[in-house]
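Each protein sequence line maps, in turn, to chains A and B. First residue of the first sequence: 1, per this note's numbering; consecutive thereafter. First residue of the second sequence: 1, per this note's numbering; consecutive thereafter.
These are calculated hints, taken from the structure and not from any lab test. Wrong hints could be hidden among the right ones.
What the hints assert, rightly or not - If you want the footprint, here are the derived chain A segments under chain B, 3+ residues with CB under 8 Å:
hint, segment
1, 109 to 116
2, 221 to 227
Claimed, not checked - The following label-pair restraints were derived from C-beta to C-beta distances:
hint, chain 1, residue 1, chain 2, residue 2, range
3, B, Leu75, A, Gln16, 40 to 46 Å
4, B, Ala98, A, His129, 47 to 53 Å
5, B, Leu78, A, Ala186, 47 to 53 Å
6, B, Val101, A, Ala186, 53 to 59 Å
7, A, Thr62, B, Thr223, 48 to 54 Å
8, A, Arg130, B, Thr223, 32 to 38 Å
9, A, Asp221, B, Ile104, 53 to 59 Å
What the hints assert, rightly or not - Sample of chain A residues with no beta-carbon within 12 Å of chain B, all distances over it, derived:
hint, residue
10, Ala35
11, Ala42
12, Val89
13, Ala91
14, Glu106
15, Thr131
16, Thr150
17, Gly163
18, Asn175
19, Ala186
20, Glu193
21, Gln194
22, Gly195
23, Gly213
Glycine is no exception: its CB is placed at the ideal position from the N, C-alpha and C atoms.
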Amino acid sequence: MNEELRLSSIETRGVQGKKRYAMVIDTRRCIGCMACQVACKAEYDTPLGVNRTWVPYKVVGTYPNVKKHFLPRLCNHCDDPPCVRACPVDATYKVDDGGFVLQRYERCIGCRACMASCPYNARFMLPSHRTYTKINNVVDKCTFCFHRVTQGLVPACVQTCIGRSRVFGDLNDPNSEVSYLVTRNATQVLRPEQGTKPQVFYIGADRNQTEYGRDLYFRPDVMEEDRAAWSRNLKI
Amino acid sequence: MGDYVVFHDVAWHGIYAVYFFVIGISAALFFLSALSWFREEYRPLRTPAFYGSLVLLAVAGLMLIGDLSQPARFLNVLNPAYWHMTSPLVWGTILLVAFGVVSIWYFTTLGKGDSAGKLPAMIGALLAIAIPVYTGFDLAVHQHRPVWNSSLVPVLFLGLSLISGAAVATFLARGDPRLVAALRQIMLWGSGAVAIMVISLVITTGYGGSAEELTYAFMTSGTMGMTFIGLGLLAGTLLPLLVLAVPMGRQQTGLMAAAVLILIGGISLRYSILMGPQIVQTFFS
Chain A
1 MNEELRLSSI ETRGVQGKKR YAMVIDTRRC IGCMACQVAC KAEYDTPLGV
51 NRTWVPYKVV GTYPNVKKHF LPRLCNHCDD PPCVRACPVD ATYKVDDGGF
101 VLQRYERCIG CRACMASCPY NARFMLPSHR TYTKINNVVD KCTFCFHRVT
151 QGLVPACVQT CIGRSRVFGD LNDPNSEVSY LVTRNATQVL RPEQGTKPQV
201 FYIGADRNQT EYGRDLYFRP DVMEEDRAAW SRNLKI
Chain B
1 MGDYVVFHDV AWHGIYAVYF FVIGISAALF FLSALSWFRE EYRPLRTPAF
51 YGSLVLLAVA GLMLIGDLSQ PARFLNVLNP AYWHMTSPLV WGTILLVAFG
101 VVSIWYFTTL GKGDSAGKLP AMIGALLAIA IPVYTGFDLA VHQHRPVWNS
151 SLVPVLFLGL SLISGAAVAT FLARGDPRLV AALRQIMLWG SGAVAIMVIS
201 LVITTGYGGS AEELTYAFMT SGTMGMTFIG LGLLAGTLLP LLVLAVPMGR
251 QQTGLMAAAV LILIGGISLR YSILMGPQIV QTFFS
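Can you build the whole structure from these sequences, using the hints too?
And the structure:
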């Protein structure tokens, strides 16, 4: 049996006749080149200081037993997204056929309730100063490249990933590559206990990065200086 | 070393705690003014408490609008076609608008006879109870936030609203002995209830999972610990409780001191409950 347990009517994973796009990230294949982050920035003109996708890494262990772990991050396009139910004006919504969690920029009032509700820090406020793209002061996030996927392309980060660490496809299609990977590999999702049903699946994710708030215990001074500088310069 | 992370901003900044504080006082002042139609000792508060409530309601509304990053789009949330009823912000919008309308209705009855104001007073009092409860739900519905995601939070915010309002009303009472005695009772029992709720929240958070444990450590140490435990719980809740419980609390000086401490506690508790879990969340890769 491989039936999905659906607790909410909004969930579409395993529902016949509907697409449920998902991403599998094989961290064993990620080399940390950040090309995905750059491709995303280029695709959307994402301003400095905020990111739709990002690749944090952590060096763990003691010499000679050390390893650098990467954990590419993006919106999890949850099957039961808390941001959708938190938005007071329906500016955030889930596309029924495909499962994309998207944002209506023209409707967003900037109350940041969706940011408060996201367990993954996937949402951010677009700053007021942008050079080319005049979408400012509203919440933004990864769209799973809705505009590309609906044209038959894969998301920009997947297209550019040189290690084929990122794989994208329809999880409701048993013949898709993502279905194969999720079925044949031990996968993890981030913060599964929150009941959000994330649709970004990791192979080989390291607990140093997936566990909640671990960074709060280990705060290198140099990073705190960076954090303070970032806070100073983030003008919303 | 050599780690790389991106930094995240908190969703709601400190100004939101000030909003909780202001709207809580506004609601409680209306409640006390409305009480004057049913309890004679509150009669001197009827007009000043209502005007105070009205001014603070206007201030709170402007703060809410000003805090939006698209202030002009506050009209969107007033548009029923856009309402998404699963969001407590919509409940808040409806309550605040209704509270404003009832306040104006109540205002028109202030100069009339006793029976005229009873109905708007009753409806307004119910809304005044619902408003701090909704502010609690603003936080409580976020399932992944330690401290916030507790059924205690809406009740705690109701208690904080009542004692903060009573503390402000103490300064409007002009030493009226019966009124002052009644306000002292509210602050005494309200502070006791708030203390029990805050202590319960601290203990259950400390005994929680890794997220709760981390939040507990953050909120009980350093600057946040000073705000939450030092100013909020000790100086702002337990100390006024002590002052009000001893004979000094029956004197004007003691009552005023307790009122000031309660107001300091009210803003400190709201601030730390709002910010603590958010700051911890920003450290999730």
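Would you list, in rising numerical order, the hints stated earlier that this structure does not obey?
4, 7, 12, 13, 14, 20, 21, 22 and 23
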